[in-house]
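From first to last, the protein sequence lines stand for chains U and S. Take the first sequence: its position 61, counted from the start at 1, is 61 in this note's numbering, and no numbers get skipped. Take the second sequence: its position 103, counted from the start at 1, is 103 in this note's numbering, and no numbers get skipped.
None of these hints come from the bench; they were simulated from the model. Quick reminder that beta carbons are idealized off the backbone N, C-alpha and C, glycines included. Misleading hints may appear alongside valid ones.
Residues on chain U that point at chain S, a partial pick, calculated with CB under 8 Å [unchecked claim]: (1) VAL84; (2) ARG87; (3) PHE89; (4) GLY90; (5) GLN91; (6) GLN93; (7) ALA95; (8) TYR157; (9) PHE160; (10) LYS164; (11) LEU165; (12) ALA168; (13) ALA171; (14) ASN175; (15) VAL186.
In case you want the letters, here they are:
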Amino acid sequence: MDILQLIVSGLANGCVYGLIALGFVLIYKATEAVNFAQGDFMMLGAFITLGFTNEHYLGLPFWLSVCLAIAIMGMLGYLLDLIVLRRMFGQSQVAVVILTIALGFVIRFIAGAIWGHEPQSLESPIAGVELRFGGLALGMDEIWVIIITVLLTLLLYFFFARTKLGVAMQASSQNQLAAYYMGIPVKRIHSMIWALSGIVATIAGILFASKGSIDPTAGLLGIKAFAAAVIGGFGSLPGALLGGLIVGLVEPFAARYMPAGYSQIFPYLILIIMLIVRPHGILSQIQTKKV
Amino acid sequence: MSLLELTNVTLRFGGLVAVNDVSFNVEEGEVFALVGPNGAGKSTIFNMISRFYTPAEGEIKFEGKSILNWEPHEIPSQGIARTFQNIELFEQASVLQNLLVGRHTHRRSNFLADMVFTPFVRNEERVHREAVEHVIDFLDLQAYRDKMIAGLPYGVRKVVEMGRALAIKPKLLLLDEPASGLSVEETQDVAFWIEDIKKVMGITVLMVEHDMHLVGAVSDRVMALADGRMLAIGTPQEVQNDPAVIEAYLGSDDMSEDGEAA
């Protein structure tokens with residue numbers, strides 16, 4: 001019965017990858033920039049929560065800390081776009097990519113300087129509880145990660161489908177020029193999208209840190225999430241989550257049935273196969289331009 | 001007071017004077033057309049009115065107020081809507097969704113109420129849907145209501161873009177080459193719609209158009225431009241018979257009306 005355990009832990013990991021991938025895709029769709037610091041946003045969001053709630057630091061109530069971290073990371077995302085990225089307008093995409101990679105390094109060093117480089121675990125109400133039926137042990141934390149991701153996905157779905165801001169975000173992602181002349185302040189919407197991906201990254205980070213430990217290099221799993229976004233179809237929000245789940249599910253099975261050390265290869269193997277077979281990803285929205 | 005007033009407007013791109021000391025007024029309730037060869041400055045004038053460019057000199061007033069410190073996204077809420085020569089639609093959305101985005105400026109938003117879809121929000125949604133359905137009926141788009149833009153033929157997309165601009169419920173509608181790329185029948189439809197937009201909806205129209213048949217059929221007044229300068233202004237007949245226009249626009253040898261079809 002350890003298959004069920006593998007599935008649950010794979011899904012839980014996949015949810016975290018999927019949420020980080022979602023941040024990549026949100027920003028990419030709207031601004032055509034790829035934010036390679038997305039994984040580091042995740043790590044920073046987790047550390048800010050940890051800094052607020054862990055006994056060793058401030059010891060605030062968990063949910064208050066979560067709200068504070070979400071607010072701070074949302075603001076950080078917004079200001080980052082307002083102060084830095086808006087000035088990069090008209091620069092090549094490579095410049096923006098290098099900027100975000102550098103930003104990732106900066107975040108990693110800052111986190112290391114504040115909270116140290118040792119792995120720490122987040123003192124959350126869902127950490128470390130186990131659910132047992134018979135011989136089967138499922139981590140409550142992993143089940144919570146899955147539930148919260150499902151809820152967040154629903155929330156985002158309603159946000160994009162129903163709210164004025166959500167529809168404006170979709171519109172400016174699809175056609176900036178047209179969005180302007182429908183009365184949508186596209187620049188401000190871009191900043192809000194950066195804020196939203198900061199928030200989603202923070203939730204991913206809290207989930208990640210609740211089911212294990214976190215250290216400043218944890219942001220590097222952003223690379224795996226990037227692979228997930230490409231597999232799912234860069235530019236598709238459901239695709240990002242799907243790609244995350246695929247990568248998450250493949251890992252524990254590869255670790256279980258393959259020789260030691262090979263499991264980390266699999267996400268990238270899928271990425272390469274996908275790029276050869278279906279370069280636009282599973283749920284791509286790109287169609288060939290008619291001439 | 002005219003609805004739209006341009007006074008001594010000049011715009012330069014480096015050394016090139018794209019628009020040179022142009023003045024004209026668009027009166028409420030008329031269809032006003034800008035004609036002229038490529039590079040005459042028609043689209044540049046359009047892009048100044050829609051705040052894409054800012055003139056180096058001169059003044060542009062809408063309803064008596066200067067528009068020169070408005071941002072492009074503030075144009076629709078002030079009552080100006082526009083279409084684009086190259087059709088700018090939301091490709092991954094349906095016709096209905098595209099038209100509904102046109103209602104953006106009319107949407108009062110309350111984030112939480114939107115999310116839970118309260119009766120107030122539902123009511124408001126009904127109002128917007130009605131406004132959009134009205135446009136769909138007006139432009140005969142019923143058959144395409146739920147179709148994705150990405151799969152639609154060119155002529156239909158052109159009409160959808162006009163519909164989306166109408167959904168904004170503007171006072172002034174800027175049409176950038178509404179007939180370019182359309183067949184003869186489609187162009188006739190456009191002529192009927194422009195007439196109705198003026199008469200039934202009471203919307204003032206300013207358009208850039210190359211098709212002189214369409215311009216002659218629907219315009220109350222026409223301004224001809226060449227090399228960024230005004231050549232003539234008046235009724236379509238007056239402008240078409242103006243010697244300076246015939247010389248510069250139609251060419252001195254080629255008197256045919258579509259001498260500049262490209």
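Taking the hints in turn, this is what the structure says about them:
1. Nearest Cβ of chain S to the Cβ of VAL84 of chain U: about 21 Å, over the 8 Å cut. The hint is violated.
2. Checking ARG87 of chain U against chain S by beta carbon gives a least distance of about 18 Å; that is not within 8 Å, so the hint is violated.
3. The interface hint given for PHE89 of chain U is violated, since its Cβ lies 14 Å from the closest Cβ of chain S, which is over the 8 Å cut-off.
4. Taking 8 Å as the C-beta cut-off, the interface hint given for GLY90 of chain U is violated, the closest approach to chain S being about 15 Å.
5. For GLN91 of chain U, the suggested interface contact is broken, since its CB lies about 21 Å from the closest CB of chain S, more than 8 Å.
6. Among the interface hints, the one on GLN93 of chain U is violated; its C-beta lies about 21 Å from the nearest C-beta in chain S, farther than the 8 Å criterion.
7. Taking 8 Å as the C-beta cut-off, the interface hint given for ALA95 of chain U is violated, the closest approach to chain S being about 25 Å.
8. Hint on TYR157 of chain U is violated. Least Cβ distance to chain S is approximately 11 Å, over the 8 Å limit.
9. Taking 8 Å as the C-beta contact cut-off toward chain S, the hint placing PHE160 of chain U at the interface is violated, the least distance being around 11 Å.
10. Interface restraint check for LYS164 of chain U: the shortest CB-CB distance to chain S comes to about 4 Å, inside 8 Å, so the restraint holds.
11. A hinted interface residue such as LEU165 of chain U counts as satisfied when its beta carbon comes closer than 8 Å to some beta carbon of chain S; here the least separation is about 7 Å, so the hint holds.
12. A least Cβ separation of about 7 Å between ALA168 of chain U and chain S falls short of the 8 Å threshold, and the interface hint therefore holds.
13. The beta carbon of ALA171 of chain U comes within 5 Å of a beta carbon in chain S, closer than 8 Å, and the hint placing it at the interface holds.
14. Nearest Cβ of chain S to the Cβ of ASN175 of chain U: about 5 Å, under the 8 Å cut. The hint holds.
15. Among the interface hints, the one on VAL186 of chain U holds; its C-beta lies about 7 Å from the nearest C-beta in chain S, closer than the 8 Å criterion.
Comparing the model with each numbered hint stated earlier shows that hints 1, 2, 3, 4, 5, 6, 7, 8 and 9 do not hold.
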